[in-house]
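*Asks:* Can you make the complete structure from the sequences, with help from the hints?
Chains as they are written, first to last, in this note's numbering: chain A, -7 to 333; chain B, -7 to 246.
Since the hints were derived computationally from the structure, they do not count as laboratory data. Please note that a few of the clues may not be correct.
[Unchecked claim] In silico negatives: residues of chain A with every beta carbon more than 12 Å from chain B:
hint	residue
1	Gln45
2	Ser148
3	Val152
4	Gly204
5	Leu219
6	Pro223
7	Gly279
8	Leu324
[Unchecked claim] Facing chain B, a subset of chain A residues (Cβ under 7 Å, in silico):
hint	residue
9	Asn202
10	Ala216
11	Gln280
[Said to hold, decoys possible] List time: in silico BS3-like cross-link candidates among lysine-lysine, alpha-carbon distance up to 30 Å:
hint	chain 1	residue 1	chain 2	residue 2
12	A	Lys21	B	Lys115
13	B	Lys189	B	Lys43
14	A	Lys21	B	Lys116
We put the beta carbon where it would ideally sit given N, CA and C, even for glycine.
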Amino acid sequence: MSSAVTRPPPGRVAIEDVTGLRERSLGQKLLSSQPFWVTIALIVMALAMSWYQPEAFASADNFFNITRNFAFIGIMAIGMTAVILTGGIDLSVGSIMGLAGVVCGLVLQAEGHWALAVLAGLLTGAAVGLVNGVLISYVGLPAFVVTLGTLSGARSLAIVLSENKMIYEFGPWGDAFNAIGGGSIVGVANPVWVLLALAVTFSVILNFTNWGNYLYAIGGNENAARLTGVPVRRIKLQAYVVSGLTAALSAVLIVGWQGSAINALGQGYELRVIASTVIGGADLMGGQGGAYGAVIGAALIEVIRNSLLMAGVDANWQGAFVGLFIVLAVLLQRIRTRRSA
Amino acid sequence: MTDPTPLLSLRGIGKSYGPVVAVRDVDLDIFPGEVVALCGDNGAGKSSLIKVISGAEEATSGTINLRGKPVAFASPHDALENGVATIYQDLALAPRLSIAQNVFMGSELTRPVLVPFLRILDKKRMIAESQRYLSQLSAAVTDMTRPVERLSGGQRQAVAISRALRWNAEIIIMDEPTAALGVKESALVLDLIRKLKSDGRTVILISHNMRDVVALADRVVIMGAGRKYVDRPLGDLGADDIAHMIMAGNAKAA
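*Replies:* In C-alpha cells:
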C-alpha cells in the first residue's frame, strides 16, 4: 500500500488512501480553524467600517473604547474556555462579577488598602468558583443547574451586601484602585493589557502543559481520561475556580474604570461571555476551543455592537445581531466538521 | 505456555452484585505470552470477571496474584500501572483529540524549560513515540496529529493498543475487539493481536466470534452461569466445537 501511495496512479486512488497518509499542512489546518475565519470576519468588518465611517470608527478614541470594552468580556471568556473545554458551563460569571465588584467597593469604602480590595475581590470569585466546582465534580450535579443556582445566589448576595445601593465613596485608596482598571499605558487601556497577558499565558497553558492537555482530554472523553489516570475531579474543580477568578479579575478592572460598584454589575454578561467563546470556536460539548478564539470572539461581538451604533441602527437590535452571529458560528463549525470528516 | 509460573493467577474469585452472583469461585492461570480466549454466552460472567481483573470492580472473594505477588487493583488506572491494560469495546478514545494525545492520555511526556520545576509537554517526542508504536503494529498511519475520529475502526483499535503499549502492558485484555468491525477491518485487528503475541505479550481475548477464537487462541476458557467449566488448549478444536461447548454449558446452567 505504501508504494502505491508514494506514486499514485492519477485519478485511481481512493480519497481515504491519500488523506490517510498525507500530513495536513499548516495552511489546511488554518483553513479549518474557526478563530481564523472569525479573525477574517473581524478584519473585513473593521475595514468596511473604516471606509464607511473613517472619522468616527477609525479614530484612536474609538479604538481605545472598543478594545477596553471587549477586554472585560474577553478576560471572562478565557476562564470560561477552561470550563467549556471540559464539557461544562459556567452561567454564574456575571453574578460573580457583581458580587466581587461589590466586595471590592465595600473594602475601599471601609478605607481598606487597594491591594486588599483586589485580593478580596479575587478571593470572592475563587470562592464562588470553588462552590461550583465542588458541587459539579465531587457531588456530581449537572454544571448547568449548579451554576444557575450560583447565578441567582451570588447576585442576591451582592444585593444584600450592598444594601441595594451604589458604592462610590472609595476612601483614601480609591484613586489608586481606580487607576488599575481606569488607567492606560502607551495609549492602550489597562484592561486590554491584562487581557493580552492572560491570553498569552492561557495559550501557553492550554497548548503546552499537562493541565491544559487534561482539559481537552476530559472534554474529549471523560471516561477515557479517568481510565488513564487523569485527575478528572480535581481538574474540573480547578477549571471552575479559574472561571470564577477571571470573572472577579474583570470585576476589579471594571469597578476601577467606572469608579463605582453597583450590584447589577455584570448582569447578563454570562451570555455574552459564552457567545464569545462559541463564536471563537469553542464547542459546548467540550474538547475544542482556545484562548485566542475566546478573545477574538469577544472582539467580534464588540465590533458588531460598535458598528451598529455608528451605522445609526437602534441599539435594541444589537441582541438580534449577536444572536445571529452565534448561530452562524455554530453553523460554520458544523459545516467545516462535516466536510473534513 | 511453557513457563511454569503464571503471570496472572486467580484463585477462588467470586463477584456478586447484591443477591446476584455473577462469578463463582473461578480459578484461572494466565501464562506469559499466551492468547487466552474467554468465551461464554451473555450473562456467563465474562464481563464481571474481566472487570475484576482490570481493576474496574473489586472481587467479592478470592485472590489475584500478578507475577507471583498478591495484588488488589483500586482502579483501571492502578491496573494499567501494574501492566494490565484493558481495551474496552468503545476503545475509550477521545475522538476529537489527535492520535498522539490519545496514546499518551494520562501519561503525557514532558520536558523541562528554562525555569526550574516547570515542565512543558514534549509534543515532538510523543508524536515520534506514537509513530513508533503504530509502526510496530504495522498500522499505515503517518500523521500523529490527526484526530482519531478520522480513522477507520481498525486504525482506532491500533491507537487503543498503542496506548496499552505506552503503559508497557504485559497483559492486554481485549473486549470483543472485532464486534463492530467489517470483514477487512477485523482481519486487520486479528493481525494486531498476532503482533502482540509475537512481541511476547499476553492477551486475554473476549469474543463471541468463534472464528476469531480458533484463529488466535492458544487456550480456550469457557464460562457459564458464573463458573469456569472449560479450560483447555485450543488443540484441534474447531469453531463449531467451541460453540457446542458454550451451548452445553448453558444447558447445564439451566
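*Asks:* With reference to the structure, classify each hint as holding or not holding.
*Replies:* Okay, the hints, checked on the actual structure:
no., hint, result
1, Gln45, "holds, 41 Å"
2, Ser148, "holds, 38 Å"
3, Val152, "holds, 42 Å"
4, Gly204, "violated, 8 Å"
5, Leu219, "violated, 5 Å"
6, Pro223, "violated, 9 Å"
7, Gly279, "violated, 5 Å"
8, Leu324, "holds, 17 Å"
9, Asn202, "holds, 5 Å"
10, Ala216, "holds, 4 Å"
11, Gln280, "holds, 6 Å"
12, A:Lys21 / B:Lys115, "holds, 17 Å"
13, B:Lys189 / B:Lys43, "holds, 22 Å"
14, A:Lys21 / B:Lys116, "holds, 18 Å"
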